[in-house]
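Line order of the protein sequences matches chains A and B.
Heads up: the first sequence is residues 1 to 446, going by the numbering used here.
Heads up: the second sequence is residues 1 to 341, going by the numbering used here.
Hints in this document: simulated from the structure, not taken from any laboratory.
Keep in mind that the hints are not guaranteed to be accurate.
So the derived label-pair ranges between C-beta atoms look like this [unchecked claim]: (1) R10/A with E191/B: 41 to 47 Å; (2) E398/A with P123/B: 20 to 26 Å; (3) D322/A with F154/B: 58 to 64 Å; (4) T229/A with L4/B: 42 to 48 Å.
Beta carbons are placed, not taken as given, at the ideal position from N, Cα and C, and that holds for glycine.
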Amino acid sequence: MSLLGLRTFRHGVHPPEAKDETSGSPIRQFPFAPLLVVPLVQHAGKASLPVVRAGQEVARGQRLAVPDGTLSVSMHAPASGVVRELALAPSIGGRMVPAVYLEPHPGSTQEVADGAPCPLATATREEILAAIQDAGIVGLGGAAFPTHVKLAIPEGKSVDTLILNGAECEPFLTTDHRVMLEQSADIFTGIRYLLKVTGAQRVIVGVEENKPDAAAHLRAELPPDLPATVELLRVKYPQGAEKMLIAALLGREVPSGGLPVETRCLVVNVATAAEIGRLLPHGRGIQERVITVGGPAVRRKGNYRIPIGTPLRFLLEHVGVDEARLERVFLGGPMMGAAVSSLDISITKGTSGVIAFDDASAARTHVPVYPCIRCGHCLDACPMFLNPSQLGLLARREEYTRMAEEFHLLDCFECGSCSFVCPSHIPLVQQFRVAKSMVRKARAAG
Amino acid sequence: MSRLAKTLEIRTSPHIVSGYDVDTVMFNVVVALAPAAAFALWAFGWAALLALGVAIGSCLAAERAAARVAGKPSPLGDWSAVVTGLLFGLTLPPGLPLWMVAVGGGITIVVGKAIFGGLGFNPFNPALVGRAVLQAAFPVAMTTWIPAFAAERFRDLPGSLLALPFASPSYDALSGATPLAAWKFSRQATEVSDLAFGFVGGSSGETSGVLILLGGLYLVARNMMSWRIPVAVLAAVATLAAVLHQLDPARHAGAGFMLFSGGLMLGAVFMATDPVTSPITPRGMWLFGAFIGVLVVVIRTWGGMAEGVMYAILLGNAVAPLLDRVTQPRVYGTSPPKAER
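Could you put together the complete structure from these sequences and hints?
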């Protein structure tokens with residue numbers, strides 16, 4: 001589907017982009033907090049198994065934990081220092097999770113320890129997948145799904161196209177934008193690893209047209225031997241959702257309940273590709289990531305390379321916030337980001353943004369809820385072509401089974417477009433989250 | 001460094017909203033209706049002002065009273081009762097006794113909306129429910145029309161207006177038939193330009209098709225109204241009327257006459273588009289509009305009455321849930337897409 005020559009998907013919404021305040025700010029290194037708290041579950045999957053003990057000295061980049069099975073990845077020390085304890089720590093979901101409490105050495109040079117390199121030229125497919133798991137790489141777009149699992153193409157399936165996701169459609173976030181501008185060489189190296197692993201014949205980098213400098217830079221730097229193109233996409237939320245990107249660039253639809261590989265393509269975030277290209281040649285692991293810190297309550301907004309495990313309190317104190325007016329902090333963008341209940345939560349691999357709202361921005365969502373007037377704006381917004389109005393009415397009556405069986409509830413990926421446009425301010429996405437968990441619970445119970 | 005120790009608000013995503021509210025939409029419908037209402041005041045004078053005022057006032061009073069009985073907070077701030085009252089008032093003959101207007105306004109809100117649970121839950125367009133009850137209860141008063149642009153319209157009130165409840169109203173001057181009735185019962189045609197600009201007799205808000213269309217365009221431009229429904233209604237009426245006119249010009253008036261006479265414009269633009277009582281799916285909207293358009297022509301041509309917009313829309317409201325059911329959108333990933341790259 002294209003309009004005015006630019007590709008996009010059908011439906012979707014146009015929230016204010018709010019990217020100007022950070023898109024021009026180069027990535028800066030963030031200092032080490034006096035105590036880093038590195039959770040052992042930062043990814044979708046099983047907690048990693050710690051291989052360090054309390055009191056042990058570790059070097060920056062040294063392995064702290066190893067994968068527990070396939071759906072798990074390694075964890076690395078974000079700083080040279082001493083392990084204070086292995087204990088529980090609060091997480092974004094509200095649960096307490098196992099974590100390594102690490103106290104960085106103030107006097108250390110913080111040199112990163114290299115491991116066994118994974119040479120692009122000679123490594124086999126299996127060796128690259130193992131290296132990706134060993135480097136602790138997960139989807140950096142926010143889902144934090146282990147990348148080596150995503151790249152392991154099931155028997156009998158094949159991939160013809162690799163899509164690099166540089167859409168970055170969430171308002172406020174500009175990390176992928178900066179990574180495309182500043183780490184194009186890492187991205188291209190990452191692409192070479194990815195092509196080798198997936199066997200894809202071509203690469204399409206999808207970039208929303210509000211980042212013309214990033215697209216132009218990638219095009220200019222693109223090595224001539226890479227079978228890659230850079231495609232501009234119309235600015236529309238949720239353009240960066242995997243299913244929408246596949247529809248926009250390839251005109252393919254991922255089957256309901258299925259995976260992208262069923263449409264012979266894979267989608268990898270540009271920042272994830274950059275990390276693969278940056279880490280694998282040196283045998284290193286993820287010990288930090290680029291994060292947009294912004295929002296009206298933040299004084300020194302910008303893009304920072306922040307050590308994994310940095311507590312939010314230290315982070316916000318360092319960038320400066322107007323404490324009197326600080327009202328809400330969420331991780332990720334404003335459309336899908338999760339609000340934090342505590343500043344003791346730390347940065348993980350899945351954190352793409354830390355956005356702090358002041359009282360005025362928070363107040364814009366403190367609005368009265370009206371009954372559904374069936375205006376249909378949610379139907380025009382839903383990129384999955386669901387009927388959120390009907391789903392919302394059924395949710396009120398707790399008809400969860402009907403929602404799933406007749407109205408495709410489980411195809412909702414909670415992008416928030418329906419709630420964003422609803423003139424009655426019905427918390428549709430929240431209703432759908434509740435309904436989905438009820439349906440899953442009922443199905444698990446048989 | 002001071003320790004940041006702020007109590008944070010927890011809330012589920014999304015953390016931003018579009019800034020588009022029910023009350024904003026309703027208020028803009030009032031704005032969109034203002035030109036047609038102003039034209040009614042100009043054409044019918046104080047009579048129209050009083051009638052519209054009583055219509056809106058009785059709807060607001062009924063809305064407030066119904067909420068109090070139901071133990072709900074006052075919903076007057078959402079502007080929906082103003083919209084309903086204004087629409088109801090615009091469908092009435094301008095000389096209708098005010099007590100009938102007040103009774104109709106109460107019925108509009110109580111029977112048309114409140115007993116179903118209020119805003120969002122009524123199956124039928126409330127203004128048309130109120131009008132239909134008045135039509136059944138007071139058939140003569142509802143089809144007696146005072147002339148438009150009467151010389152004394154800003155000096156005297158029509159005698160019928162202040163008739164006491166249950167007394168027969170007396171009319172000072174009668175315009176005779178509306179253009180539709182003139183055509184239906186005596187095959188007397190009216191210039192389409194007079195119809196379009198409203199220089200004819202009829203209900204208060206039904207006369208100026210052009211101003212109604214302008215109001216509709218305003219709402220469509222602000223993304224506050226479905227354009228599909230009015231386009232479907234008007235296209236169906238025009239097509240069917242043109243075909244019939246071709247077959248027998250002496251018996252069937254042309255498309256222009258059909259489009260701009262009676263309550264069609266007001267109905268197609270402001271009544272059939274009521275989101276609560278119309279389908280929510282795009283294909284459902286097209287079918288709904290076409291259904292209403294065909295019914296309008298059928299009732300006007302073969303029915304016992306000169307006008308059929310009200311019943312056509314009420315019947316459309318009745319089938320709207322069914323249309324929604326059979327026109328659910330195809331969900332992404334549920335069947336193979338057409339073109340691949």
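Do the hints match the structure? See the list:
1. Taking 41 to 47 Å as the suggested C-beta distance range, the pair R10/A and E191/B conforms, at roughly 45 Å.
2. A beta carbon spacing of about 22 Å between E398/A and P123/B agrees with the range 20 to 26 Å that was offered as a hint.
3. For D322/A paired with F154/B, a C-beta distance near 59 Å keeps the hint of 58 to 64 Å intact.
4. Taking the beta carbon of each, T229/A and L4/B are about 46 Å apart, inside 42 to 48 Å as hinted.
Violated hints for the displayed structure: none, as all numbered hints are satisfied.
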